[in-house]
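Peer 1: Residue-level listing of the chains:
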Amino acid sequence: NAGVTQTPKFQVLKTGQSMTLQCAQDMNHEYMSWYRQDPGMGLRLIHYSVGAGITDQGEVPNGYNVSRSTTEDFPLRLLSAAPSQTSVYFCASSGRVRDSGANVLTFGAGSRLTVL
Amino acid sequence: LAKTTQPISMDSYEGQEVNITCSHNNIATNDYITWYQQFPSQGPRFIIQGYKTKVTNEVASLFIPADRKSSTLSLPRVSLSDTAVYYCLVGDTWGYNKLIFGAGTRLAVHP
Chain A
23 NAGVTQTPKF QVLKTGQSMT LQCAQDMNHE YMSWYRQDPG MGLRLIHYSV
73 GAGITDQGEV PNGYNVSRST TEDFPLRLLS AAPSQTSVYF CASSGRVRDS
123 GANVLTFGAG SRLTVL
Chain B
14 LAKTTQPISM DSYEGQEVNI TCSHNNIATN DYITWYQQFP SQGPRFIIQG
64 YKTKVTNEVA SLFIPADRKS STLSLPRVSL SDTAVYYCLV GDTWGYNKLI
114 FGAGTRLAVH P
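Chains A and B, in that order, give the protein sequences. Under my numbering, the first residue of the first sequence carries the number 23, and numbering increases by one thereafter. Under my numbering, the first residue of the second sequence carries the number 14, and numbering increases by one thereafter.
Just to be clear, a hint being listed does not mean it is correct.
[Claimed, not checked] The calculated label-pair distances, taken between Cβ atoms and stated as ranges, are:
#	chain 1	residue 1	chain 2	residue 2	range
1	A	G38	B	T69	49 to 59 Å
2	B	H123	A	A74	32 to 42 Å
3	A	G62	B	N38	37 to 47 Å
[As the list claims (entries may be wrong)] Partner residues aside, some chain B positions facing chain A, computed with beta carbon under 8 Å:
#	residue
4	T47
5	P53
6	Q55
7	G56
8	R58
9	F59
10	G104
11	K111
12	I113
13	G115
14	A116
Hints in this document: simulated from the structure, not taken from any laboratory. Where is the CB? At the ideal position from N, CA and C, for every residue including glycine.
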C-alpha cells in the first residue's frame with residue numbers, strides 16, 4: 023500500500039515554463055487536494071476535488087489548474103511558472119481511519135519546485 | 014469554514030508535558046477536530062482526532078470542552094524528537110469541504 027505518491031520530488035523551472043506535478047493515491051479516497059508551503063509558513067490550499075470529475079478552488083488557486091479524470095490521480099498544472107510559485111507542494115487524500123469520525127488527510131512526501 | 018487559532022510557538026524541555034490549545038469558535042455541529050504533526054521537509058501526519066470530551070491514543074491526548082470552541086493537544090513527557098510544527102484542523106464528517114490549515118504551532122523541545 024503506497025499511500026500518496028508525488029512526482030517529481032524536485033524540479034527547477036525557468037519563468038514562463040509549464041509543468042505538471044503528479045499525484046496518485048491507492049486508497050480509493052474520494053477527496054484529494056493540493057497545498058503549497060512556503061519556507062517557514064503553514065500550508066495553503068490550492069485546489070481540491072471531492073471525486074472524479076469534480077474540482078474546486080482553494081485559498082490560492084491563481085496560476086494553477088487541476089483535473090480529476092480518475093479517483094486515483096489528481097495532477098496539478100502550472101501554466102506559466104513564476105518565481106512566486108517557488109514552494110514545496112503537497113498532495114493529500116482524505117479517508118476514514120476508523121468506522122466513525124471525520125476523514126483524515128494522508129499527505130505525500132512533497133514536490134520541491136524552484137522557479138528561476 | 015471553521016477558522017482555527019493557535020500559538021505561533023512554544024518551548025519545552027525533555028520529559029515535560031506539553032499542552033497546545035487551538036481555538037475554533039465557529040465550529041459546526043458535524044465538524045471533528047484533527048491534529049497533525051509536521052517535521053521539516055515532510056508532509057504533515059495524523060496524530061489524533063476527536064469530537065467531544067477526551068480522546069487518548071499511544072502518542073497524545075485530546076481534550077475538548079463541552080462547547081467545543083477550543084481543543085487542547087497534550088503530549089506527555091516530550092522528547093527531542095517531538096520538535097515539530099503542530100496543526101489543528103476542523104472539518105466535517107464527510108470531508109467534503111475546504112480543509113484550511115492555520116499557521117500551526119512550532120514546538121521546540123530542549124535538552
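Peer 1: Taking the closest Cβ pair, is G104/B under 8 Å from chain A?
Peer 2: Hint holds; G104/B Cβ to chain A Cβ min 5 Å, cut 8 Å.
Peer 1: Taking the least C-beta to C-beta distance, is G115/B closer than 8 Å to chain A?
Peer 2: 6 Å, holds
Peer 1: Tell me if K111/B is really an interface residue toward chain A, meaning its C-beta lies closer than 8 Å to one of theirs.
Peer 2: K111/B check passes; min Cβ-Cβ to chain A is 6 Å, inside 8 Å.
Peer 1: Less than 8 Å between beta-carbons is the criterion; does R58/B satisfy it with respect to chain A?
Peer 2: With Cβ-Cβ at 7 Å, under 8 Å, it holds.
Peer 1: Taking the closest Cβ pair, is Q55/B under 8 Å from chain A?
Peer 2: 7 Å, holds
Peer 1: Do the numbers back the hint for G56/B, that is, is its least Cβ distance to chain A under 8 Å?
Peer 2: 3 Å, holds
Peer 1: Tell me if the interface restraint on F59/B is satisfied: Cβ within less than 8 Å of some Cβ in chain A.
Peer 2: 5 Å, holds
Peer 1: Take the shortest C-beta to C-beta distance between I113/B and chain A; is it under 8 Å?
Peer 2: 6 Å, holds
Peer 1: Does A116/B pass the interface hint, meaning its C-beta sits closer than 8 Å to a C-beta of chain A?
Peer 2: The hint holds - A116/B has a Cβ within 8 Å of chain A, the shortest such distance being about 5 Å.
Peer 1: Within 32 to 42 Å or not, the Cβ separation of H123/B and A74/A?
Peer 2: 48 Å, violated
Peer 1: Hint check: is the beta carbon of P53/B less than 8 Å from a beta carbon of chain A?
Peer 2: Since the shortest Cβ distance to chain A is 10 Å, the answer is violated.
Peer 1: Against the range 49 to 59 Å, how does the distance between the Cβ atoms of G38/A and T69/B compare: consistent or not?
Peer 2: Holds, since G38/A and T69/B (Cβ atoms, about 52 Å apart) stay within the stated range.
Going through the hint list in order, the structure does not satisfy hints 2, 3 and 5.
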